[in-house]
Amino acid sequence: CGGVLCKLINSLYPPGQEPIPKISESKMAFKQMEQISQFLKAAETYGVRTTDIFQTVDLWEGKDMAAVQRTLMALGSVAVTKDDGCYRGEPSWFHRKAQQNRRGFSEEQLRQGQNVIGLQMGSNKGASQAGMTGYGMPRQIM
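So for the sequence shown, UniProt numbering puts the first residue at 1; every next one is plus one.
Watch out, some of these pointers could steer you wrong.
[Stated by the list, open to error] 35 Å max Cα-Cα, derived DSBU-like pairs, lysine-lysine:
#1 K7 with K22
#2 K125 with K63
#3 K41 with K82
#4 K63 with K82
#5 K41 with K31
Source of the hints: derived by calculation from the structure; they are not laboratory data. Predicted model, so just to flag it, every value in this text is computed and none were measured.
Kindly generate the complete structure, drawing on both the sequences and the hints.
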């Protein structure tokens, strides 16, 4: 399973720039765990947040497969968001991460915003919970 993850992360880079140059086909436990660790390190370098990355034992011992899934989903989201042409899958499988979109307002626009009439912002006179009974209280039928 470590080799598959290494091939996955390598596929997200242009040829010749792969983060894991040598992928061992060994079935030995320590080699597989080492490759899982290499994948996790490469995923973090690629842009996956540390909080989204699973621990090696989560996959190796099958302790927290949901964490493994979260890591793969986060990796896909980063790949789709980068949009550098290396991700060749279906983009709709993953959500795009929000990008920074700064807005600039002139001093005149800021001054105009201070002239907004309070009622344009809405009213609090609509529906309310007045007269509602709390949970667990019996209804009074007369």
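Verification of the hints:
1. Distance check on the hinted pair: K7 and K22 sit about 10 Å apart at the alpha-carbon level, within 35 Å; holds.
2. For the hint linking K125 to K63, the alpha-carbon distance of about 53 Å lies beyond 35 Å, and the restraint is violated.
3. Distance restraint check for K41 and K82: the Cα-Cα separation of roughly 18 Å lies within the 35 Å cut-off, and the hinted pair is therefore satisfied.
4. At roughly 31 Å between alpha-carbon atoms, K63 and K82 fall within 35 Å of each other, so this suggested pair holds.
5. Annotation: proposed proximity of K41 to K31 holds, straight-line Cα distance about 15 Å (limit 35 Å).
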